[in-house]
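J.: Here is how the chains run, residue by residue.
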Amino acid sequence: MARNTFEQDEAESSRFSIHTIKRLAPYLGSHKKALLISVALMIVASLASLVPNYLIKVAIDESIPNKDLLGLVLIGLWVLLSQIIFSVFLGIRIRIMNKMGQTVVKDLRSDIFGKLQRLGFGYFDSRPHGKILIRVVNYVNSLSDLLSNGLINVITDLFNLLFIIIFMFVIDLRLTLICLAGLPVLMLVILLLKNHQHKRWHVMSRKQSNLNAWLHESLSGMAVSQSFAREAINQSIFERLGRAWHLAWMRAVAAFFMVWPGIELLSVLVVCLVYIAGVGGLDHGSSVGVLVAFISLVWRFWAPVSTIGNFYAQLVQAGAYLESIFETIDETEDDPLDAQRPDLPAVRGLIRFEDISFGYESEQVILSSFNLSIEPGQTVALIGPTGAGKTTVASLLSRFYQANQGRVLLDEHNIADYNHHSIRSQMGLMMQDSFLFGISIRENIRYGKLDASDQDIEAAAGAVHAHDFILELEQGYETVVTDRGASLSMGQRQLISLARALLANPKILILDEATSSVDTETERLIQKGINKLMKGRSCLVIAHRLSTIRHADKIVLLEHGLITEQGSHEQLCSQRGQYWQRYVCTS
Amino acid sequence: MYQWIWSYLRPHRFLLLIGLVLTALAAALSLPFSPLAGMIVDQVITQGQRELLLPILGLMVLTVSLKLGLRFVFQLLFEHIAQRALGRARNDLYHQVHTMDSSFFDKNKTGDLMAQLTGDLDAIRHGIAWVIYQVFENFLIFVFSVTLLFTINWQFTLVLLAPCPLIAWATFKLTKQVKPSFAAIREQFSRLNSMVQEYIAGNRTVKAFAREGHETNRFEQENQAYGQKNLESAAIWGTWIPVIEFFASLLVVIMLVLGGFLVINGDLSLGQLVVFSGMVWTLNIPLRMSGWLVNDIQRFVASLERVHQLSLSTSQLNNPPSSEAASSLAVLRSASIAIEELSFSFGDKELLTNINLHIEAGQTIGIVGPTGSGKTTLMRLLCRHFDCKSGTIRLNGTDIRKLSLQDLRRQVGMAMQDVFLFSDSIEGNIAFARPDASMEQVIEAAKLAQAHEFVTELSNSYDTVVGERGVGLSGGQRQRLSLARLFLARPAVMILDDTTSAVDIETEERLQDSFRQLHGTQTLFIISSRLSSVMHADQIVVLDQGKIIQQGSHQELLQEDGYYRLVWDHQNGIEDSNHGA
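Chains A and F, in that order, give the protein sequences. Read in the numbering used here, the first sequence has 267 at position 267, and its numbers run on one by one without any break. Read in the numbering used here, the second sequence has 435 at position 435, and its numbers run on one by one without any break.
Hints in this document: simulated from the structure, not taken from any laboratory. Beta carbons: idealized from backbone N, C-alpha and C, even for Gly. There could be a bad hint or two in this list.
What the hints assert, rightly or not - Chain F stretches covered by chain A per the calculated footprint, using a threshold of three residues with CB under 8 angstroms from any CB of chain A:
#, segment
1, 134 to 140
2, 163 to 176
3, 283 to 290
4, 305 to 318
5, 347 to 358
6, 390 to 403
7, 432 to 440
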């Protein structure tokens with residue numbers, strides 16, 4: 001599996017494609033009404049903001065010279081009214097558009113999170129976590145301004161533009177055509193710049209992602225860095241990635257900042273052309289009034305054009321983020337049909353591995369022709385050197401991975417035919433790295449069974465002898481678990497996650513090195529509790545310690561993906577084989 | 001707080017000044033535009049002086065190009081300053097986080113720290129790159145237009161400015177009300193970030209328990225709340241900004257009605273009123289903008305407060321700089337350790353009580369004891385992940401609190417229970433503490449840690465990239481890589497904190513040989529729940545409830561009736577022998 005590291009830019013992107021932006025359309029779909037209302041409001045508001053111009057002209061040309069005091073006051077009131085309308089509409093628009101923007105952002109984020117839920121381990125394992133995080137949180141956020149403000153401004157300005165062009169046509173056809181001649185030039189420039197800009201934003205987002213990845217990793221691995229006094233090296237990596245981001249950012253904004261002056265300059269040049277043509281036209285009988293009126297319109301024409309051009313530049317920027325977001329949403333799932341599969345019926349706990357072959361990568365062989373059956377209520381211990389495939393067996397049973405060949409049966413059901421949710425909810429799995437969440441101990445245990453009562457939780461903790469030490473903590477069950485605090489030892493963490501697995505009360509229990517960090521005495525103490533809980537359940541136990549495995553109904557020795565010995569402790573001891581030599585004699 | 005941010009901007013103050021001057025120049029260059037446009041209408045079109053057209057247009061294009069050029073330059077300049085200043089702030093904060101002790105990480109989740117060091121810093125950067133020149137530009141426009149109006153008719157101008165106190169009042173209200181809402185947004189951002197971060201880190205557990213639904217609920221709650229906080233904030237500024245815009249528009253009404261009245265009364269000429277009516281729109285721009293700018297500033301302040309708070313956090317560990325430290329330890333090859341009357345408590349709970357321990361250089365010490373007895377805590381005190389409240393730990397006779405943390409940790413290395421590997425190649429992970437190590441040294445360390453064999457079986461051997469936290473490797477393999485990492489660093493004191501718990505018995509035996517090779521040069525602490533791992537140690541210490549209950553060699557301890565023998569018997573399948581004996 002090709003893994004991405006913090007220093008490596010993620011996949012190169014193609015050119016900017018409007019298709020990426022179009023994929024936002026479904027998210028906007030349900031907001032058509034909000035958009036329509038806002039556009040209508042904005043059009044009325046921009047008309048209202050035009051009123052004062054006109055009224056002032058009327059006042060200066062007519063009311064004041066005519067000493068019409070009443071007319072003046074009336075005009076004043078009209079101006080006031082238009083401004084009230086403008087302000088009220090502005091307020092409403094801000095609310096509607098923010099609602100829309102935030103909802104779209106929220107929906108998009110829900111979708112990318114939902115996708116993460118359906119992606120297998122492979123996705124999480126093949127890239128730094130900081131790079132996933134930045135997509136779900138930061139990238140999605142960066143779209144909110146575009147959606148809340150950019151979009152509505154552009155739609156409104158498109159209408160403005162339409163009105164202005166119509167007016168211009170009415171006034172003077174020839175000058176209008178000159179004026180519009182600037183547009184193709186503008187479009188050409190924007191289109192030429194587009195891929196260039198896109199590339200720069202894209203590079204920028206990758207550099208930012210790298211920085212984020214390193215930040216996340218070094219925060220998560222802080223204890224290791226501090227232990228090895230590696231602060232200075234970490235710092236230099238961080239600064240190097242920071243500089244790379246700074247550079248990429250400057251290149252991207254430089255391209256971005258060029259758009260606005262570009263449009264502005266073009267507009268001035270076009271206006272100059274209009275002046276020249278217009279003044280030239282005067283000699284051929286055009287009227288002065290028409291020219292003056294037209295020129296004032298030309299200026300109004302370029303303001304929305306400028307907004308639209310800038311919006312396009314913003315879109316190109318957003319495109320770089322959206323691409324990454326949709327890249328994740330489009331990621332192929334290991335098992336896209338999973339949701340359509342039926343629920344696994346409640347099982348008794350017969351487990352059969354039939355002729356299983358498996359490798360995480362093609363050509364890699366972890367298990368070959370693996371056969372094993374566990375009777376309901378039986379406990380089977382899986383032992384063998386590291387890398388023999390023990391954890392793989394557990395992973396195949398919980399359907400974290402699909403066997404390349406052969407099948408895994410629960411009772412008579414091939415687990416490949418059922419959805420993983422229904423399979424895993426009948427299993428209690430305790431993994432090697434006992435991950436605890438940054439919530440209270442109580443809630444961590446409750447994770448095994450969400451509707452468990454506090455008594456259930458404490459009973460589960462009691463069964464694994466965790467209750468006493470938890471009570472000794474300052475805040476007892478309410479103690480919040482932290483990543484690397486002084487409060488909990490590794491063994492204690494294992495006990496908590498063991499309690500969590502037991503609370504789930506599963507038909508099938510899988511314990512992968514569940515007590516490796518727990519001392520043998522504590523293990524002995526909890527063994528009784530566990531034995532009681534194992535009764536009536538099928539258990540697969542992976543362990544190295546003789547004390548943990550000797551009481552299993554069946555002990556299976558796994559080497560290089562092959563079963564070399566199996567039987568009860570007594571049987572294997574009497575065989576005087578590998579098990580006896582390695583596990584019994586040496587310890 | 002402002003001093004803090006200024007300390008980063010200060011080195012760039014000349015660039016900032018240049019940026020502001022350029023901003024002013026660009027603003028000044030936009031002044032000739034209207035007069036020039038007026039000249040075209042008056043002189044060229046109306047009066048027919050056609051020959052003036054091209055020179056005027058030329059001048060227009062020239063000033064506009066200059067203005068745009070300047071604008072481009074100062075925008076980039078401000079971006080550059082912001083990036084540089086915040087880059088340094090980010091580096092400093094990153095450095096600071098590295099100096100923090102465990103209690104800091106107890107209080108600050110990874111996701112929260114991430115939020116401060118990314119989202120919040122970015123908001124500050126945006127503030128500096130954008131808000132400074134915006135405020136300045138608008139200020140210039142305001143001063144310029146007011147000055148101009150004053151020269152025309154100061155009484156009328158004064159009256160015209162009557163709504164300004166109203167605008168000031170509204171912006172003040174906005175400032176007050178909107179700030180907490182922005183703080184709430186940042187807070188919620190942090191929570192969302194934390195939630196997602198933890199979900200990603202714990203994705204295996206989520207899947208194992210089939211808790212996707214539960215996680216979705218948790219996520220939606222935070223996601224929804226984040227949107228909600230944004231909307232609450234928008235409701236506040238969405239109320240005040242239109243109010244401010246409205247107050248600003250009152251200027252127009254006053255200008256028109258009062259101005260008209262004055263003209264009718266003959267106190268003002270019509271020409272002057274025309275000038276006023278032109279300028280009033282210009283004057284209006286900064287007034288209308290004030291609401292938006294206040295908004296941006298408060299957004300900036302909300303993030304600044306959070307980041308500043310982070311910058312104020314201090315480590316509880318005293319860390320004298322290397323130069324001032326009691327002695328330089330750079331060349332230590334071996335080290336003796338003396339622990340005297342050491343007690344340590346966390347919260348109310350005493351984790352270690354009156355520990356006394358003397359260890360000769362090159363000795364191997366085994367530490368055993370029940371879960372939670374304080375084994376790891378003792379070792380972490382030795383590495384100064386936290387400091388003891390009473391008692392001392394001496395390394396070659398020097399109190400370790402008088403050493404710089406970096407010096408100490410170069411001498412005392414620890415392979416932790418919870419193995420953390422970086423998303424880097426295996427070679428990079430082993431050479432973690434010594435990136436300049438040669439490939440031969442890396443392989444040698446890997447061999448010593450019994451990792452070479454499985455590494456060479458991987459598809460890309462030492463170039464194989466492991467995932468963050470070492471995913472893709474089995475627990476035992478990860479532990480051996482962390483051992484190799486420690487072996488390559490080869491500190492004088494090595495602590496192996498249950499680093500062989502997931503290693504199979506055979507490999508562990510071979511590891512015992514490796515440990516023996518280190519005996520005599522490295523001072524070695526081996527914590528293990530497997531007694532076979534510590535039986536060859538020079539001294540074995542049994543901890544229970546933070547106290548040393550037994551101490552001695554394997555043989556000595558076997559003679560005593562106590563924890564050690566009890567566990568020894570159990571681990572060797574001699575059931576209940578203590579009762580039989």
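J.: Determine for every hint whether it applies to the structure shown.
T.: Verification of the supplied hints:
1. 134 to 140: violated (count 0)
2. 163 to 176: violated (count 0)
3. 283 to 290: Coverage by chain A is violated for the segment 283 to 290 of chain F (0 residues, Cβ < 8 angstroms).
4. 305 to 318: violated (count 0)
5. 347 to 358: Our answer is that it holds, as 4 residues pass the Cβ test (under 8 angstroms) against chain A, meeting three.
6. 390 to 403: It is violated: at least three residues are needed, and the segment 390 to 403 of chain F offers just 0 whose Cβ sits closer than 8 angstroms to chain A.
7. 432 to 440: holds (count 3)
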